[in-house]
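A.B. asks: So the protein sequences, as listed, match chains A and B.
Under my numbering, the first residue of the first sequence carries the number 55, and numbering increases by one thereafter.
Under my numbering, the first residue of the second sequence carries the number 5, and numbering increases by one thereafter.
FYI, nobody ran anything at the bench for these hints, they're computed from the structure.
Hints are supplied without guarantee of correctness; some may be wrong.
Beta-carbon label-pair distances, calculated as ranges [claimed, not checked]:
1) B:Val20 / A:Gln178: 44 to 54 Å
2) A:Asp214 / B:Leu190: 26 to 36 Å
3) B:Arg169 / A:Asn90: 15 to 25 Å
4) B:Leu34 / A:Gln178: 44 to 54 Å
5) B:Val87 / A:Arg123: 12 to 22 Å
Every residue, glycine too, gets a C-beta built ideally from N, C-alpha and C.
Residues per chain are reported as follows:
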Amino acid sequence: MGRPVSRGLAVTVDLPRLRAEVRVRPGSTVAVVGPNGAGKTTLVEAAAGTAPGRTSYDGEDWSGLPPYRRSVGMVFQEHLLFPHLDARDNVAFGLQARGVRRHGARRTAERWLSRIGLPDVARQRPAALSGGQAQRVALARALATQPRVLLLDEPFAALDVAAGAQLRLLLAAHLRDFEGVTLLVTHDAIDARALADEVVVLEHGTVAQVGTPAEIAEAPATAHAARLLGLNVLAAEEVVVPGHAPPGTLVTFAPSAVTLTVDEPAGSARNRWQGVVHTAVERDGIVRVHLRGAHDLYADVTPAAVDDLGLEPGRAAWASVKATEVTVLADGPT
Amino acid sequence: MVDAPPRLGPPPTRLVLAGAVAAAFLLLPLVALVVAAPWDRLWSIVSADSAREALWLSLWTSTIAAGLCLLAGLPLAWLLARVAFPGRRLVRALVTVPLVLPPVVAGVALLSAFGRTGMIGQPLREAFGTQIPYTTVAVILAHTFVALPFFVLSLEGALRATPLRLESAAATLGATRWTTFRRVTLPLAAPGLAAGLVLAWARSLGEFGATITFAGNYPGTTRTLPLDVYTALQADRDAAVALSLVLLVVCVLVLVTLRERWWGVR
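Bound conformation, chain B alone:
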């Protein structure tokens, strides 16, 4: 229950106006997108093979990327939240870098690591003959790279919010740290974990810059829906608007299904 705010008089007009302008600025382009949509051709554009292929590719690569975030990001978030290892602040700072890095730079960085002559790419190619750039694997890696910081930071916050005293109680009851993690920390951080996963998934779904740089724009293997929007924009603006609308609807659907979890009673 939230207490009623104290009565301090009406809010100042200038703050209300400036706030309304900001809200309108965020909302108007979305409204314009809906208005500008070619409603008569919408279904044929959206149900075209290329669009369905791109949507499907986006959905499943983003889901795998979110899964990789869970596998790799959960232990990292726990370490950052619970273990005072040397260099923890540095590691946390490094985790934040991809958050502010321009995605195209992320793509170039990934190429430097996994490209034909990259630090990891070259030995990988020589040993197994595998190539990562310009494949669907590259799409997943690009998605994971940009989404992981979102996941780790939001989960670390959730882990820090679970009371340490409960973990002390678990320890006195005979629970090892692993048991405590599994049976106390993780269930209590579950809402934060779910929010982190959605955030990572949504960030993956919208990924453009790193993907086109590192994975290219090949229909069927690396052309995700954002790349398809960009490609369509060169030739057929209406198609780009229609495909954008699809992305918008997916995002709104995600927000609606998770609204309880995300901005429920906190």
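Pulled out of the complex, with its shape left as it was, chain A reads as follows:
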């Protein structure tokens, strides 16, 4: 390689409680995950310029620049809309701050509100919006200035399941053809799996692991990463669940709830899928088996079971899970 200039975003934080470096390639999304207090927020704040750290974008050193001279857009856990401005003026704020005249900024803001499906709230103040609407307006506000770096600090955390799912869809649609970089702080496996190209696991103030969501799910370096990214995620239509789950809903179950057998299971488990063992990685006395078939499934089994069943890569096996182990996660778009 040996390129002198790295493309995309590079953020380095060097504090007593957090020493970490994160790189985001152009056009990609990196999810930063980790337990509370791991320094996830500090990292995005360093990228924004509101916390100390070194930042560069496409070889351009941003380290000494105040936030307002960086091309960033940020969405916070709380929407942080300006309470004295209506939704349209909130979205227009960044454009006006960057020199666009009020009339033009408002027209652009109205287009953004239409794009996020909320053309009717233009003249409403944030207090009149629902949590989900407010967070969508906050996303539009962050995107309206067309920043090269999009920073998302737990944007779904304060939303209920339905509102979170709606925002996630909106974000995924935007990220598909976004040419800048996105840094997403989350504690949610679904966000990381659905939105991120790469996951950075922060723990105890350092980077514990970097990899694609699949890589980390296959061989998590820490217990937290295992719990976070190890969940199986499927569409509701493909799974028998307790109660009712409307189409478009996502469901999850833990790898520890999955039973692996060589022959088709005959027990009471309602959900069963056939696949081929892709990987089997042992950590702390538990083997995580990645089964590939119609779906990617993860199962945690004991080393003894692996030996008994001969679960080596390439071996066909059945995975089954009881309907009562399945959790309904999110409503689809409404």
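Mind docking chain B on chain A? Use the hints.
C.D. replies: For chain B alone, coordinates are given in the frame of chain A:
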């Protein structure tokens, strides 16, 4: 919305009684003022040229003083609330001094600074031949000096109450600190700003000690309404009561017009 307080039983009698005594103590003199007013002569006293002159002088000097508080106090309050400069605690302590200083001492201090031989007064007189003491300018300066701390402290509190996180959000949207101040901080602190202005204006309107010391008591130029009350008291007690009543009515009017802002939903 305020939650209903938990039911803990009736309030203790001794606290209720002591509280009622305090409220009565505050209210009774005002009632006495109204009762003692010379209602038959009221209009002639209040509409006398000297009284109208004093009221008018009080109103406009207080308004200018409030304006000066805004011009000078707003930046100072912002600096105290937002910038961690060295000596900030000391500056805040100094701002509080005039708050507890006896007004007559404030007047003497102003004389020392702006008097004929004062630190600022002497060079000013030598350069421009201007004299500040015993002029209407002195009235305004005295008002501003005593009112500014009220304004700065109440506004600093309001500025501190506006969330810093919103300013971070504004910064990530490309707003400089000046834009953020103008478009986020100031509008959010507006109710506090209005309360601070009213407080400063009311404090100016009632100013007596610093004014009479620094500006004297000259009809037409420095005799504000409180000074007129004091002057009247020497000769005609009824007139003093009537003029006091005017001040009381102005104050009540201010409170009533601003009640929503001031003690509205907080």
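A.B. asks: A separate judgement is required for each hint: does it hold in the structure or not?
C.D. replies: Here is what the structure says about each hint:
Range check, B:Val20 to A:Gln178: about 46 Å between beta-carbon atoms, so the 44 to 54 Å window is met. In this structure the supplied range 26 to 36 Å holds for A:Asp214 paired with B:Leu190, their Cβ-Cβ distance being about 34 Å. At roughly 18 Å, the beta carbons of B:Arg169 and A:Asn90 sit within the given window of 15 to 25 Å. B:Leu34 and A:Gln178 have their C-beta atoms about 45 Å apart, which keeps the hinted 44 to 54 Å range intact.
At roughly 19 Å, the beta carbons of B:Val87 and A:Arg123 sit within the given window of 12 to 22 Å.
Every hint from the earlier list agrees with this structure, and none is contradicted.
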